[in-house]
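Protein chains: 6
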Amino acid sequence: MTLLKIGFPSGSLKDSTFNLFERAGYKVRLSSRSYVPSINDPELEGLMFRAQEIAQYVDRGVVDIGLTGKDWILESEADVVEVDELVYSKVSSRPVRWVIAVPEDSPIQRVEDLQGCRIASELVGATRRFLQERGIEAEVEFSWGTTEVKAGIPGLVDAIVELTETGSSLRANRLRIVDTICESTTRFIVNKAAWEDSWKREKAENLLMLLKGALEAELKVGLKMNVARAKLEEVIAKLPALHTPTVSNQLDDDWVALEIIADERVVRDLIPQLKRVGAEGIIEYPLNKVVY
Amino acid sequence: MTLLKIGFPSGSLKDSTFNLFERAGYKVRLSSRSYVPSINDPELEGLMFRAQEIAQYVDRGVVDIGLTGKDWILESEADVVEVDELVYSKVSSRPVRWVIAVPEDSPIQRVEDLQGCRIASELVGATRRFLQERGIEAEVEFSWGTTEVKAGIPGLVDAIVELTETGSSLRANRLRIVDTICESTTRFIVNKAAWEDSWKREKAENLLMLLKGALEAELKVGLKMNVARAKLEEVIAKLPALHTPTVSNQLDDDWVALEIIADERVVRDLIPQLKRVGAEGIIEYPLNKVVY
Amino acid sequence: MTLLKIGFPSGSLKDSTFNLFERAGYKVRLSSRSYVPSINDPELEGLMFRAQEIAQYVDRGVVDIGLTGKDWILESEADVVEVDELVYSKVSSRPVRWVIAVPEDSPIQRVEDLQGCRIASELVGATRRFLQERGIEAEVEFSWGTTEVKAGIPGLVDAIVELTETGSSLRANRLRIVDTICESTTRFIVNKAAWEDSWKREKAENLLMLLKGALEAELKVGLKMNVARAKLEEVIAKLPALHTPTVSNQLDDDWVALEIIADERVVRDLIPQLKRVGAEGIIEYPLNKVVY
Amino acid sequence: MTLLKIGFPSGSLKDSTFNLFERAGYKVRLSSRSYVPSINDPELEGLMFRAQEIAQYVDRGVVDIGLTGKDWILESEADVVEVDELVYSKVSSRPVRWVIAVPEDSPIQRVEDLQGCRIASELVGATRRFLQERGIEAEVEFSWGTTEVKAGIPGLVDAIVELTETGSSLRANRLRIVDTICESTTRFIVNKAAWEDSWKREKAENLLMLLKGALEAELKVGLKMNVARAKLEEVIAKLPALHTPTVSNQLDDDWVALEIIADERVVRDLIPQLKRVGAEGIIEYPLNKVVY
Amino acid sequence: MTLLKIGFPSGSLKDSTFNLFERAGYKVRLSSRSYVPSINDPELEGLMFRAQEIAQYVDRGVVDIGLTGKDWILESEADVVEVDELVYSKVSSRPVRWVIAVPEDSPIQRVEDLQGCRIASELVGATRRFLQERGIEAEVEFSWGTTEVKAGIPGLVDAIVELTETGSSLRANRLRIVDTICESTTRFIVNKAAWEDSWKREKAENLLMLLKGALEAELKVGLKMNVARAKLEEVIAKLPALHTPTVSNQLDDDWVALEIIADERVVRDLIPQLKRVGAEGIIEYPLNKVVY
Amino acid sequence: MTLLKIGFPSGSLKDSTFNLFERAGYKVRLSSRSYVPSINDPELEGLMFRAQEIAQYVDRGVVDIGLTGKDWILESEADVVEVDELVYSKVSSRPVRWVIAVPEDSPIQRVEDLQGCRIASELVGATRRFLQERGIEAEVEFSWGTTEVKAGIPGLVDAIVELTETGSSLRANRLRIVDTICESTTRFIVNKAAWEDSWKREKAENLLMLLKGALEAELKVGLKMNVARAKLEEVIAKLPALHTPTVSNQLDDDWVALEIIADERVVRDLIPQLKRVGAEGIIEYPLNKVVY
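Chains as they are written, first to last, in my numbering: chain V, 316 to 607; chain D, 316 to 607; chain G, 316 to 607; chain S, 316 to 607; chain L, 316 to 607; chain P, 316 to 607.
Just so you know, not all the hints are guaranteed correct.
Identical chains share a label here; the pair holds if one copy fits it or two copies do between them.
Pairs of lysine-lysine residues, derived as BS3-like cross-links and limited to a Cα-Cα distance of at most 30 Å, are as follows [what the hints assert, rightly or not]:
id, residue 1, residue 2
1, K553, K342
2, K320, K342
3, K507, K535
4, K320, K553
5, K535, K342
Think of the hints as simulated: they come from the structure by calculation, not from any bench.
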């Protein structure tokens, strides 16, 4: 039987990934101490890996597809097909950044000042390539964790390369950003051979369509309302231009029923406007998936 | 920039208030130890106060609108516009009451018997006015908490004035109700000057429309069903009279699709009746907001 | 006043049963240490029992209806009307099985080898009948719990009869399955006399209709989409044959809106197919009840 | 190698039993889903059982010794040596009782009134023997739990036999006690053959000495104080008569140091008295074990 | 029967107060929703009150003794006997302070600048008296909570009077201290008439002795060591001068055993010193009570 | 001011290390997200590191002393003074082991069979040296975690090197141990230069004395008993030979009081023996520190 193998990220992304798959229609379950999640689709098979390792295993063909960050794709120099970006792990849609940071009072101001310095990072490879491209010779050493605090310990390192989202953790450690190595968001990646296999490609594309449909539905709601036929034009003028609304007949021929999909964030402004131009019995209902 | 300032109640009402705003379309977040919640609408600004203080601060204009109980509006003698009532803090829709209570075996039977007595309450002002209007002289002292137990401690006080919803806590403390000072529910109040400002008034009215739309949706569901055109009249006769149903055509011309909004609590009786008179494929679905 | 009395299972089935009733429209609440749940329908009265006991109490007429497993109906040899099966207690729809199990290295290979043996089980009666029907004499003793570990203690018993769903707990205790005593799922059972009483029977049938409507909705979703009139036939050809779809007119006469109820588990395959043959703006929304 | 096998009660007694063994000097650990606890004494081996089963397994020799209630020893009619009583499972030292109880308004007043009745209990055997000894014929049926509520369900049973400590649960169920079947406390029991084996008997006796030493220490504290030699007689006169105090010399020959073991509950009266007759520098310190 | 009635503080001090009584030898238990704790001494009776109310009720004789803060004694102007101070509610022994605070950038620099201002506080009475004594007229209004944030809301108040321990919460709210109203620690207070009753006074004094004995023991440990008689003088020279050590003879006449009570915080310096001058077999053991 | 800098292990050892310091007399506190713990001794300064890194930082002089495992000292090839071993992180005193493990059904039986294989481990350096010393060429790759499951994924690696204490996790993953790389316990290590500085050396030695005194006390208890002078010799003959007991006179001259420090684990055997030869009133009490 043909199978599509998926590399899931363990750790902090695990729960939000499984939750996204659930909303897309796939129940993924992991018993404690196991690493092989069960999936309620016999054509899919999953394996848990650290986010750092996934791109490499997709490249080797251990799994056909994977979800992991752009940063770790770069770091592992994996040769994979980046099919799409999936922003689901945080409320914020801002990408994370890997930055070079130094103590606030360090003499280092620009990346060129790192010549001959020692730098600690979990992202050793990408950091080294970044410096080589700029002709800077520096010693980049692997950090096992709590990298931010290392920059502040006298005699340890001159700079660090660390992940930041809002910069608040850097500020709390009194660090200053010198430069940005790369930005990163989660990617849906596919092994190159698998992408050439028509069955696997279609299976992967279908899965991606459903994942994106579930993400889209998070931000949308359905709206229905009754509108007097005489006021229909005025009501439609208030609607967001994007999609044609659906209009149905009522028993009472003077009225129609109007239905649209709207961004959840505009509804609080839209409902009072629609009500003022004559919409009645407005209801808002939740959505599971939206696929345009 | 024009702003509408909102006084939110801290304490036991905080979470249910924030939750109601969320369902209405406004994300209100309060970081710990802060008193200025963030709201994802740049035209709104919030401040947290104890429910006891909000009416007074709306009166003074520290904030434009507030949510607080009728009891504390009376207690603080605030001069504000009570725009509407919002029942959202408890499953029950019964209002709370402030009552005069005495030990079960007390000789006090009527409010007139309180002449010359000592009374403990957190609602000192309203209690004093209630007694003065009836020509009763009594000493009303402020109680810092657990007022109910004070009525039972020999030599402490003769009566208490306390909040009650179902009376169960009074019974547990073996107290008997003598009279009612006032009933109370949550109110949406507005500063008098703000109510005359057309921008603030419209903003407040829109907000109220969405809050009430979210509350209404809690108690309603949507129902859809397929009905043979020949049985349509009989099915419609079973429906609650309130609103006109929506009827749509199906591919098969002998059938129509019928859709209504119904009280969640009648659905369990309605569905079997509709089924018996010929409705088919009945579905019930959840609602986020209902605005008539 | 006429009442329908319900026997609810305490223990592991309690929460899922109450939850199912909630979704059907009945709030069932049990205060701690009580056994009489409150129900927000004055025509219903509930009692909590161990699942093992319910069939027997329905038989005796202590309650009119009950929810319990087929295994305990058999064990108690109760004479009741099994109206329907309700599968709601687990994600999986697989029935549980009671099996005879022995240590992996036991010489016992077939049920006939149990002649003269000692067996521990919580299901003593059904086990004895099973053995008697096969002419096997064995001592079946009641086990108070942790039956699985008993099979592994030298000199205690030769075999056990225990409940299993996936077999994983048996494997963890290094046990081997020899035979199956019975399979079991939850049943909606009614007392024979109550079933002849027309008021009780209709009340029981209405309740069952709503319980099944809520269970059905768990597995279904609503789908709506816009389809160009020219592609309608092709789209309808992709739909599951079961039910006629609803088609509504749009303002733009070249398009129609199509709506169906679909199994949640086929949606992940259906959406990509519909999209490929021309459906647009596909949305999926959740359902509370589905009653055909 | 010679071993003493111990049957430990699982369920509600497990943690307090393991804790008592820990204080006696034995670390007993049970990994989850296991039933063979590890003990840090190679001469001891443990097995977990339900309290109901232990006496029977001690009788059969599956284990040499066990800790279980007098009630279950009687119920299982086990032929074992009851070496001692150990009161450790509750703050209270009151034994539990198995009582016959009926609804408050039942016509049953004395045990003789149970003639021809139906009784539910978890303690079927002891109940039957109790009734037979009094010439009463009644049907005693096994109850799977929540026995107390059964007495209140019309048509179910006429009486129950249930465990009670303070009677509060019976009162909460509006039941009245008719008679007492037996009282029960935890017993340290030994298999008859093991008790004749001199190695096992000494090992069991040593274990019991340490368990009782730890229990004794819970209720005792050590007291030390400095006393002027001139006031020694007066101080000693205040001490509990039970044990001779220890007196040591100090560098300053006019003073002695006095040390006693006292009941923790008298210390709050003793210390002020000792201070008033001249004791100085009184210290109280905790004890692990007390073996007289 | 003669009784000593105790007013216990409810709220944040409750658990630490009950814990202190437990260590002193009194088990105080409060069932939820009750206000009459049980105490395992028939001569004591307890009542729970808010700390704010206790001094007033000790004054009126509702209870004989109470534990509450110096601040609330002053605020309620209660006429009671302050017998002793008990520092037990925090790790720190620093007293709390009630301070006048203003926003960092306020023009108010000294208490005199408050003339004509509005001040919010929970300590209305003491604040008014403090200002009157200095001839300052200002409006002091009662604050129901989160007083610190009020100073920073434009147009609300000019200053606040609030409790502070380390000042960190004031700093977090960007407030500056202008003056101190009073300092406060917990006091053991007695009703004046009760203090003249010899039985009540002795009972209160005994209770205080044990409470202080338990508090003292928290900070002390016992030390024992063996010392060669020849080095005794040198070892004793290293000991804290406060108390005479106890010296006992050993079997080997060349050695003595030496025992002292020492502050826990000096032990880490004392032990290495004692070891260096010849003490051997040094042991440190915990204490329950120390009564000099 | 002179300071001794300590490298503390973060992660799983953090809490047990801080707890050990607390018992030794040093309060070490770490606010969340910080890496510089506060210590209540102005002569000490702490830094948190991963256990993997500490030896290297002691070698470099970033800190003067550190606590870390022998495994990570070897892995980092640090040149430090290993002053002592401190066994405190687990109940068991068994050292942990790093082992080479393969799937149960792997053809690899001995370390020599790893020629040309791929191995995953967190302990890359020590593993490579181990193989080189045996002339084996194999690819050792760094593993980011869940190493044990990797051995079971087809095509990933041939063997792993992983930490094991009891082997249970290896068995759960169906792995077989092929060989042991190294054993490891926690070490108290000092920088070579710091060890030559007399102030730092004495400070480190005092700290070590107190840490070991607290660890020693975990395993010891104090024992006191009364002995008839006539039986003293017989009782002393039963005592562990190690230390001279302390003997004090009692008021009754025929009796003496005898006191010793004993291993907690022998007490359960010692007490019954002492009792049999005539010791009376034996008490056991807990110890905080024991420094010989």
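Flag every earlier hint the structure violates by its number, smallest first.
Hint check: 3 fails alone, others pass.
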